[in-house]
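Asks: Residues per chain are reported as follows:
2 protein chains.
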Amino acid sequence: MNSQQLFGQIRKKQSYLCIGLDTDLEKIPAHLRSLHDPVFEFNKQIIDATHKLCVAYKPNIAFYEALGPKGWESLQKTLEYIPDDIFTIADAKRGDIGNTSSLYAKAFFEQMDFDSVTVAPYMGEDSVKPFLKFKDKWVILLAHTSNPGASDFQLMESRVTGRKLYEEVILKSKEWGSTDQLMYVVGATQAEKVESIRALVPDHFFLVPGVGAQGGDLELVSKYGMNKQCGLLVNSARAIIYASSGTDFSRKAEEEARKVNDVMKQCLDQYL
Amino acid sequence: MNSQQLFGQIRKKQSYLCIGLDTDLEKIPAHLRSLHDPVFEFNKQIIDATHKLCVAYKPNIAFYEALGPKGWESLQKTLEYIPDDIFTIADAKRGDIGNTSSLYAKAFFEQMDFDSVTVAPYMGEDSVKPFLKFKDKWVILLAHTSNPGASDFQLMESRVTGRKLYEEVILKSKEWGSTDQLMYVVGATQAEKVESIRALVPDHFFLVPGVGAQGGDLELVSKYGMNKQCGLLVNSARAIIYASSGTDFSRKAEEEARKVNDVMKQCLDQYL
Chain A
12 MNSQQLFGQI
22 RKKQSYLCIG
32 LDTDLEKIPA
42 HLRSLHDPVF
52 EFNKQIIDAT
62 HKLCVAYKPN
72 IAFYEALGPK
82 GWESLQKTLE
92 YIPDDIFTIA
102 DAKRGDIGNT
112 SSLYAKAFFE
122 QMDFDSVTVA
132 PYMGEDSVKP
142 FLKFKDKWVI
152 LLAHTSNPGA
162 SDFQLMESRV
172 TGRKLYEEVI
182 LKSKEWGSTD
192 QLMYVVGATQ
202 AEKVESIRAL
212 VPDHFFLVPG
222 VGAQGGDLEL
232 VSKYGMNKQC
242 GLLVNSARAI
252 IYASSGTDFS
262 RKAEEEARKV
272 NDVMKQCLDQ
282 YL
Chain B
12 MNSQQLFGQI
22 RKKQSYLCIG
32 LDTDLEKIPA
42 HLRSLHDPVF
52 EFNKQIIDAT
62 HKLCVAYKPN
72 IAFYEALGPK
82 GWESLQKTLE
92 YIPDDIFTIA
102 DAKRGDIGNT
112 SSLYAKAFFE
122 QMDFDSVTVA
132 PYMGEDSVKP
142 FLKFKDKWVI
152 LLAHTSNPGA
162 SDFQLMESRV
172 TGRKLYEEVI
182 LKSKEWGSTD
192 QLMYVVGATQ
202 AEKVESIRAL
212 VPDHFFLVPG
222 VGAQGGDLEL
232 VSKYGMNKQC
242 GLLVNSARAI
252 IYASSGTDFS
262 RKAEEEARKV
272 NDVMKQCLDQ
282 YL
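Residue numbers (our numbering), protein chains in the order written: chain A, 12 to 283; chain B, 12 to 283.
In short, the hints are calculated from the structure, not lab data. Being a predicted model, the structure only gives us computed values, none of them experimental. Be careful, since some hints might not be right.
Each pair may be met inside one copy or between any two copies, as identical chains are not told apart.
[Said to hold, decoys possible] Simulated pairs of lysine-lysine, BS3-like, Cα-Cα distance not exceeding 30 Å:
id, residue 1, residue 2
1, Lys38, Lys234
2, Lys117, Lys81
3, Lys239, Lys63
4, Lys63, Lys88
5, Lys81, Lys276
6, Lys24, Lys63
7, Lys117, Lys55
8, Lys185, Lys81
Next comes chain A alone, as it looks inside the complex:
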């Protein structure tokens, strides 16, 4: 899926919602736990209930990896169940020396068939480029994340350029691939920063975590971050998928997704 096709989906659904499949055996409704594959069963029902309201799903790989080989099977089944017109993100935050990154790319783009994978920039160009060799696949590079520790190193200012580390990451990495290959993770917890980051990369898509449970403001992020192709995928996980812990969980997830979607419709009207 290229950026034009992704924007097509956003216009069609009037949504730039990404739903995070942070599926935790301890948090899913009790009545699912006795099933053969409770993680997949939960995801399936969440997807059934929400796929018309979102344009992307983002399984958080840690949740599957923590379950061992069985978790990877649940992940694979989930990925296959997601409708083809929905963008898929392996939230894996991988990154290693070239030959190793090639294997991570193979894991997520060939062994599985994700559209994109999140990648950490610390090891530089040769750790990122192997992911960019796959046709119609995307790297979503960590720039400014939404967690408290983001300020430990990402805000360090360069003695030479005066720019912060996350700005250096963006400016250097944007030369490594096209706007059909590279997105950036830009946290929502400080919405004003989204504006200055948008100025650095006017045409790239941003994956925006931190709306919902982490406290970011959807409307402000949309105001400051939207470009002419929308350019935003705003992720919400816990607030949607764990809206209820009862047998009504998928209906409640749909309701929550619809609430987000309503705000998105207004934002698209106002800021696109």
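Got chain A; can you put chain B on it based on the hints?
Replies: Frame of chain A; chain B shown alone:
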């Protein structure tokens, strides 16, 4: 295993060799490929041949992940096969927001029983600390890596302190845990840097990749990096495990490991 016990193993074996289990189906000897689990069979024979010559094994997780659920089974079997007195490193380079890092920690320390995991520092303190909550388990934090891209961001100098990013990472993170919990990845490709990094953290262990196929110099690294507990685990992967692609691969691996070991014995005599 704490640092005292690890040093005990180093003294006993007169070795600080870590063998990287970067096991690649395309590179292992052809006669193994028809077996039920060729990856485990290869690892098993490498371990049988080399375990007296090394103090650590480091499976590179990408190589297993690229094989899907079956790869994780090979990894688990390999881990269980490694003798208990050998330190194990999951070279995974994980790192995410707190609740997600907790799950990665659970994957490597509970679902599997690794002694340590490599972690990327970009997301800061709350992405690292969940790994430090496990008793007798280690974080090996990326500081200055051995790949070409290391210079893209790790060498950026702070406007405020004048220090480079990897130095900031070391100085900030060393407050997060003890010398029995934290090691640093320090690449061998520029051995002189090891000396300045050793000055920052005199008592921590370093995991040193880049000796062998990547061109680092074992003797220089040992001269500049050794402390009173040795403080070094020097990794070699390809040069040992792929020393031969024939049926004699494990014998050749043993020979290569022994060559490295001979240099290590001399270095321990000279620099410890």
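Asks: 30 Å Cα cut-off: does Lys24 pair with Lys63 within a copy, between copies, both or neither?
Replies: within (7 Å within a copy, 62 Å between copies)
Asks: Regarding Lys117 and Lys81, is the shortest C-alpha distance of 30 Å or less found within a copy, between copies, in both, or in neither?
Replies: Both ways: Lys117 and Lys81 sit 20 Å apart in one copy and 15 Å across, limit 30 Å.
Asks: Under a CA distance limit of 30 Å, which applies to Lys239 and Lys63: within one copy, between copies, both, or neither?
Replies: within (23 Å within a copy, 62 Å between copies)
Asks: Please sort Lys117 with Lys55 into within, between, both or neither, judging by C-alpha distance up to 30 Å.
Replies: both (25 Å within a copy, 25 Å between copies)
Asks: Is it within a copy, between copies, both, or neither that the alpha carbon of Lys63 lies no farther than 30 Å from that of Lys88?
Replies: within (20 Å within a copy, 42 Å between copies)
Asks: Between the shortest in-copy and the shortest cross-copy C-alpha distance, which are at most 30 Å for Lys38 and Lys234: within, between, both, or neither?
Replies: neither (33 Å within a copy, 52 Å between copies)
Asks: Could you figure out if Lys185 and Lys81 sit no more than 30 Å apart (CA to CA) within one copy, between two copies, both or neither?
Replies: neither (37 Å within a copy, 36 Å between copies)
Asks: Between Lys81 and Lys276, at a C-alpha cutoff of 30 Å, which is it: within one copy, between copies, both, or neither?
Replies: Cα proximity of Lys81 and Lys276: none, with 38 Å in one copy and 44 Å across.
Consistency with the previously given hints fails for numbers 1, 5 and 8, ordered from lowest to highest.
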